[in-house]
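Which chain is which? The protein sequence lines are A and B, in order. Just so you know, my numbering puts 418 at position 416 of the first sequence, and the rest follows in order with no gaps. Just so you know, my numbering puts 225 at position 7 of the second sequence, and the rest follows in order with no gaps.
It is worth saying that the hints were derived from the structure and are not from the lab. Hints are supplied without guarantee of correctness; some may be wrong.
If you want the ones that stay clear, here's a sample from chain A, every Cβ over 12 Å from chain B, calculated [claimed, not checked]: (1) Lys4; (2) Tyr135; (3) Leu189; (4) Pro204; (5) Leu275; (6) Gly362; (7) Ile424; (8) Leu463; (9) Ser466; (10) Pro477.
Pairs of lysine to aspartate or glutamate residues, derived as DMTMM-like cross-links and limited to a Cα-Cα distance of at most 25 Å, are as follows [as the list claims (entries may be wrong)]: (11) Lys197(A) - Asp491(A); (12) Lys163(A) - Asp288(B); (13) Lys367(A) - Glu154(A); (14) Lys436(A) - Glu296(A); (15) Lys197(A) - Asp270(A); (16) Lys277(B) - Asp326(B); (17) Lys163(A) - Asp323(B); (18) Lys163(A) - Asp326(B); (19) Lys367(A) - Glu432(A); (20) Lys245(B) - Asp326(B); (21) Lys428(A) - Glu296(A); (22) Lys197(A) - Glu494(A); (23) Lys197(A) - Asp268(A); (24) Lys197(A) - Asp288(B); (25) Lys245(B) - Glu154(A).
Each pair of labels, with its calculated beta carbon distance range [what the hints assert, rightly or not]: (26) Val268(B) - Leu467(A): 52 to 58 Å; (27) Thr319(B) - Gly33(A): 31 to 37 Å; (28) Leu239(B) - Pro437(A): 48 to 54 Å; (29) Gly501(A) - Gly266(B): 26 to 32 Å; (30) Ala224(B) - Asp358(A): 45 to 51 Å; (31) Ala47(A) - Leu239(B): 46 to 52 Å; (32) Gln292(B) - Arg269(A): 31 to 37 Å; (33) Ala16(A) - Gly266(B): 36 to 42 Å; (34) Phe248(B) - Ser65(A): 40 to 46 Å; (35) Leu23(A) - Leu235(B): 40 to 46 Å.
Even glycine gets a Cβ: it sits at the ideal position worked out from N, Cα and C.
Here is how the chains run, residue by residue.
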Amino acid sequence: MKVLLVLPVLVPMATAALTLLAFRREGIQRGLGLAGSVVQLVVGAVLLRAVYRGGIPSTQVGSWPWPYGITFVADTFSALMVLLSAIIAVATSIYALSDIDQERRTHGFYPLMHVLLMGTNGVFVTGDFFNLYVWFEVTLIASFVLLVLGNERPQMQGAIKYVAMNLISSALFLTGIGILYGSVHALNMADLSLKLPTLAAPIRTTLAMIFLVAFGIKAAVFPLFFWLPDSYHTPPVTITALFAGLLTKVGVYALVRVFTLLFVSDRDSTHALLLGIAGFTMAVGVLGAVSHREVRRILAFHSVSQVGYMVMGLGLFTMASLAGAIFFVLHHALIKSNLFLISGIMHPHGKEVRLDREGGLLARKPALSACFLVTALSLAGLPPLSGFWAKLLLVRSGLEVGSQRAAAVVATSLVVGLVTLISMTKIWNEAFWKPAPAETDLAAQPNGTRPRVFLYVPVVLLTSLGVTLGFSPDPLLQIVQRAAAQLADPTEYVHAVLGDRAHETPRP
Amino acid sequence: MTVLLAIVVGGLYASGLFLMLRRSIVKLAFGLVLLGHGTNLLILTAGGVVRGRPPLIPKDGGVLEAPPADPVAQALILTAIVISFAVVAFAVVLLHRVHRTMGSDDIDSLEATDP
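Given these sequences and hints, build the entire structure.
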């Protein structure tokens, strides 16, 4: 049980180390990369099963007791996120077999990808605030290098914004940790959740706002999202899909963790603010998507818009809305990674998929068109696909809350859903439905020597996973509701970490 | 002492952010460095500044003399320094590559080829 908690970090770490040892052997690296992701999938599934059946496990690294030791803890939400990151990892590893070119492979794509996974999994299982910062930085450095791997001009342009914004966010996060430590002398999250309510309200609000901005930059909420659409379309599709599936989710995870465990005493101000941010994020993101004509930019703006839905679930702060937010995180990571992977197949060689130069994909690639259609409709939230259930949970819980703010944000979310559908229809009409423009040589382009089957396997896998979630959401709904219950009432979490000493206040 | 450190921290944050808002990417890097130092100093100050009292139990005594310096804050900074060193090293290499690719150190010129 205790080993199971550390394995989500150890498996990618070992994979990264082994792929580094096989640095000059590309074949071995690819095999190891895929095998490491599959092992991680098994670990994620076993962890989720253990947490769901046996309650929240926690362990102290090196068996030091909790004010001194570093806590690893996994509630149902953490376990779900670990499993999710493993699913994305497997899909992108298969896709990478064909998509990642030799130059990027020889410059360390596989070790970096697994260091990134190590960082995200570390974020999900840590129970210590400073450790959260360290795992964030591990993720960040790996993502920096993955983003610029290949040294292409647009990558540089996106990277400057991405690096600068994320470093400001890290500095703010660390500032928050400093003030937090200075005022309560605690960094263990379960411990903090007991000590923070005793803190003076002004300092508590200051801390809440610092963490809101720090994690808000990483989650790309309004008005801190501009780095995302500028950087996400620049690297190869595999890397973009990995980022879209995991990186903003890490920010959302941190927001959810902090605003369900630590800053819940001033809900009238903090969670109302979150609700407002959610509304603006949804609206501004989708308007950006409508105004662009390059597929990957549209998808990146949709990512921003959909982060709004997740924050909406957090801002409403009922058990049902938290369940909706978690369901939305899971659904969105699968769907958005899949859409990016599809965008990579749409145009075999060109980096950009400009809609005005596309056309005729329905006739040339019917299987791909079917996958795109299903996934796009799921993104827009049409029944009976997975997006529908996620939105249904959120909208229903918003109506149950019944306040004016909640009603406003529910109305926004419904309108945004409609606009999402319109902008996905635009891609469908332009790229798939209309006949190919005469002057392009798309049909004549050779498909290259790369085996195309590895591109299609993950797309089909993720699409069928999305469809399965849509048609039989009950098992996942049950797990998600358990996760939401644990978030809404952190007693079990606190008890799992602190044990019988939960009511002691050890140091001044 | 604490007040003096607080003023220094504020100065470092202000000048760091000011540099980051300039158009030159070199100033961006220097801004990052100052911001990192400001943060580290903030943690040290917030942990409580105590002079000449290491958190060590003397050879002849059984207990720690109160109030000792807080070792946790220093351990945190040590980690943060290592991380910020790595990040700044990466940022410098990135800025060098950007300068080579773009032939300019002006952030606004990066926008030129965006569609």
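These are the hints, each one checked on the structure:
With a least beta-carbon separation of about 24 Å from chain B, Lys4(A) lies farther than 12 Å from that chain, consistent with its non-interface assignment. The beta carbon of Tyr135(A) sits about 8 Å from the closest Cβ of chain B, which is not more than 12 Å, so the claim that it is off the interface is violated. A Cβ of chain B approaches the Cβ of Leu189(A) within 12 Å, the least distance being about 8 Å, so the stated non-interface status is violated. Against chain B, the non-interface label of Pro204(A) holds: every CB pair exceeds 12 Å, the least being about 16 Å.
For Leu275(A), the condition that its CB be more than 12 Å from all CB atoms of chain B holds, with the nearest at approximately 23 Å. Every beta carbon of chain B lies more than 12 Å from that of Gly362(A), the smallest distance being close to 23 Å; the non-interface claim holds. Annotated as non-interface, Ile424(A) keeps its C-beta farther than 12 Å from every C-beta of chain B; the closest such distance is 22 Å. Even its closest Cβ contact with chain B, about 33 Å, leaves Leu463(A) beyond 12 Å, as expected for a residue assigned away from the interface.
Remark: the non-interface label on Ser466(A) is consistent with the geometry, its nearest Cβ contact in chain B lying 35 Å away (cut-off 12 Å). Its beta-carbon lying about 40 Å from the closest one in chain B, Pro477(A) satisfies the requirement of being farther than 12 Å from that chain. Taking the CA atoms of Lys197(A) and Asp491(A), the gap is about 16 Å. The hint holds against a cut of 25 Å. Under the criterion of a C-alpha separation no larger than 25 Å, the hint pairing Lys163(A) with Asp288(B) is inconsistent with the structure, at around 37 Å.
Under the criterion of a C-alpha separation no larger than 25 Å, the hint pairing Lys367(A) with Glu154(A) is inconsistent with the structure, at around 29 Å. For the hint pairing Lys436(A) with Glu296(A), the CA-to-CA distance comes to about 16 Å; that is within 25 Å, so the pair holds. The straight-line distance between the Cα atoms of Lys197(A) and Asp270(A) is roughly 20 Å, inside the 25 Å bound, and the hint therefore holds. Of the supplied pair hints, the one linking Lys277(B) and Asp326(B) is violated, its CA atoms being roughly 62 Å apart against a limit of 25 Å.
Restraint check: the Cα-Cα separation between Lys163(A) and Asp323(B) comes to about 14 Å, which is no more than 25 Å; the hinted pair holds. Straight-line distance between C-alpha atoms of Lys163(A) and Asp326(B) comes to about 11 Å, which keeps the hinted pair within the 25 Å bound. About 14 Å separates the Cα atoms of Lys367(A) and Glu432(A), which keeps this hinted pair within 25 Å; it holds. Proposed proximity of Lys245(B) and Asp326(B) is supported: the alpha carbons are some 14 Å apart, at most 25 Å.
For the hint pairing Lys428(A) with Glu296(A), the CA-to-CA distance comes to about 11 Å; that is within 25 Å, so the pair holds. With a C-alpha separation of about 16 Å, the suggested pairing of Lys197(A) with Glu494(A) holds against the 25 Å cut-off. The straight-line distance between the Cα atoms of Lys197(A) and Asp268(A) is roughly 15 Å, inside the 25 Å bound, and the hint therefore holds. For the hint pairing Lys197(A) with Asp288(B), the CA-to-CA distance comes to about 19 Å; that is within 25 Å, so the pair holds.
A hinted pair counts as satisfied when its Cα atoms are at most 25 Å apart, and Lys245(B) with Glu154(A) qualifies at roughly 23 Å. Between Val268(B) and Leu467(A) the beta carbon distance is about 56 Å. The supplied range of 52 to 58 Å therefore holds. Separation of Thr319(B) from Gly33(A) is about 34 Å and conforms to the stated range, judged on CB atoms against 31 to 37 Å. Range check, Leu239(B) to Pro437(A): about 49 Å between beta-carbon atoms, so the 48 to 54 Å window is met.
Take Gly501(A) and Gly266(B): their Cβ atoms lie about 28 Å apart, and the range 26 to 32 Å holds. The hinted window of 45 to 51 Å between Ala224(B) and Asp358(A) is violated, with their beta carbons roughly 57 Å apart. In this structure the supplied range 46 to 52 Å holds for Ala47(A) paired with Leu239(B), their Cβ-Cβ distance being about 47 Å. A hinted range of 31 to 37 Å holds for the C-beta pair Gln292(B) and Arg269(A), which are about 36 Å apart.
A C-beta distance of roughly 40 Å is found between Ala16(A) and Gly266(B), which places it inside the suggested range of 36 to 42 Å. With their beta carbons about 44 Å apart, Phe248(B) and Ser65(A) fall inside the hinted range of 40 to 46 Å. One distance hint, 40 to 46 Å for the beta-carbon pair Leu23(A) and Leu235(B), holds here, with the actual separation near 42 Å.
The structure fails to meet hints 2, 3, 12, 13, 16 and 30 from the earlier list, while all remaining hints are met.
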